[in-house]
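S.K.: Sequence:
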Amino acid sequence: MDQAGPSMSNDRFYEIRHAGRKGRGAFALKNIVAGTRILIDPPLFVIEKDEDDITIHDVASKMSTLSPAARKHFETLPIAANFVGSPTAVQHYGRFHLSKFRMHDAKSWGCFAHASRFNNSCLPNCAVSSTTIGAKQLYVTRSVSAGEELTFAYTQILQYMTTFERDCFLRPQFGGSPCICELCCLPPEQRSLSDMRRKLMRHLLFLVRDGRDLDGGAPMPITTSSFSPLPTFENDSEPAGYFTALAEEEGVGGVLVWSMYAKGTRDLINHFVNEGIMEIPESAMRTASLWMRRACHMKVVFRGNTDVFRKITDDVFDQLAKLVAALERSGGLFQAAEL
Numbered sequence: 001m002d003q004a005g006p007s008m009s010n011d012r013f014y015e016i017r018h019a020g021r022k023g024r025g026a027f028a029l030k031n032i033v034a035g036t037r038i039l040i041d042p043p044l045f046v047i048e049k050d051e052d053d054i055t056i057h058d059v060a061s062k063m064s065t066l067s068p069a070a071r072k073h074f075e076t077l078p079i080a081a082n083f084v085g086s087p088t089a090v091q092h093y094g095r096f097h098l099s100k101f102r103m104h105d106a107k108s109w110g111c112f113a114h115a116s117r118f119n120n121s122c123l124p125n126c127a128v129s130s131t132t133i134g135a136k137q138l139y140v141t142r143s144v145s146a147g148e149e150l151t152f153a154y155t156q157i158l159q160y161m162t163t164f165e166r167d168c169f170l171r172p173q174f175g176g177s178p179c180i181c182e183l184c185c186l187p188p189e190q191r192s193l194s195d196m197r198r199k200l201m202r203h204l205l206f207l208v209r210d211g212r213d214l215d216g217g218a219p220m221p222i223t224t225s226s227f228s229p230l231p232t233f234e235n236d237s238e239p240a241g242y243f244t245a246l247a248e249e250e251g252v253g254g255v256l257v258w259s260m261y262a263k264g265t266r267d268l269i270n271h272f273v274n275e276g277i278m279e280i281p282e283s284a285m286r287t288a289s290l291w292m293r294r295a296c297h298m299k300v301v302f303r304g305n306t307d308v309f310r311k312i313t314d315d316v317f318d319q320l321a322k323l324v325a326a327l328e329r330s331g332g333l334f335q336a337a338e339l
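Heads up: the sequence shown begins at 1 in UniProt numbering, then just goes up one per residue.
You may find that some hints are simply not true.
Under the rule of at most 20 Å between Cα atoms (straight-line distance), these lysine to aspartate or glutamate pairs were calculated in the EDC-like manner [what the hints assert, rightly or not]:
1. K30 x E15
2. K100 x E148
3. K62 x E48
4. K199 x D167
5. K199 x E189
6. K100 x D52
7. K199 x E182
8. K22 x E249
9. K107 x E189
10. K62 x E15
11. K62 x D52
12. K72 x D58
13. K30 x E148
14. K100 x E182
15. K199 x E238
16. K107 x D53
17. K62 x E51
18. K100 x D58
19. K199 x D215
20. K322 x D267
21. K22 x E182
22. K199 x E249
23. K107 x D50
24. K322 x E279
25. K199 x E165
26. K30 x E48
27. K107 x D52
28. K199 x E148
29. K199 x E279
30. K322 x E282
31. K107 x D215
32. K199 x D210
33. K107 x D58
34. K62 x E75
35. K49 x D105
36. K49 x E15
The set of hints was computed from the structure by calculation and includes no laboratory data.
Use the sequences and the hints to build the structure in full.
M.R.: Here it is as structure tokens:
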């Protein structure tokens, strides 16, 4: 599989061109299979401040350290209409804010000249993550055809918001304009069904995450008062199962969905262990095997081999994968699987 990297220019996979009402965007130059990394983008510079504390002077100071080639590249980046005609330093500040992404340390912001050229979508076909050296990398998460626009969700929480919540979240970032991605432009009746699924997914996440809502300042936060009374389940794996079924129907993917497949598998197996049942029923074993296959696939597609957070979760996940494989070989018998 082709992978973008130091020996391959990123443009072998896509080109930047006119994207209708969106302005410009990235489009596939060829058919690309899911799991392909199409971009590695080191930051032009990094400002180690909270977003609200970054000033025109901070950007100007970083600009002064750039090489002539990097500076020229930065000056070709797009700028919001309200900055056009402003003094040069103010325009540079505007360019930075259109091209910035949070660094993986969550304490600083980097200017990414290539990743920032991809448009947002609340139903994306790509995912962005950080490498161990601070670069942004883009993976195609479902196979795309030549000529198809390549998009990613600017923040993961967008995939668990209703249309109204997404609009409240994105308008300030888009200069007062609404999101015009494929999902947000669906007919009202289709968006209504999608909204119900995504709201259910967010509530299920709240339960599975032991009463923690999504991070990132999402509007209309879920709290314990949202549930009266709290729902109960016969099996701890049920919320994860419902969540992944809804995600599959909505075409939602990502690290949260991957973790829910893994959690559902683990909780399903633990249910029989805790009940003292030494053989997993055939139907439950089929479910555990299916969830693990999907988790393994999603791990590769969304995290690749160089994601900065991957090593943290690899060991635990690999142990779970080995456990399921052993149970498959033993026909669901814990003793025969030597567990």
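S.K.: When the hints from earlier in the document are held up against this structure, which numbers fail?
M.R.: 2, 8, 9, 10, 14, 26, 28, 29 and 36
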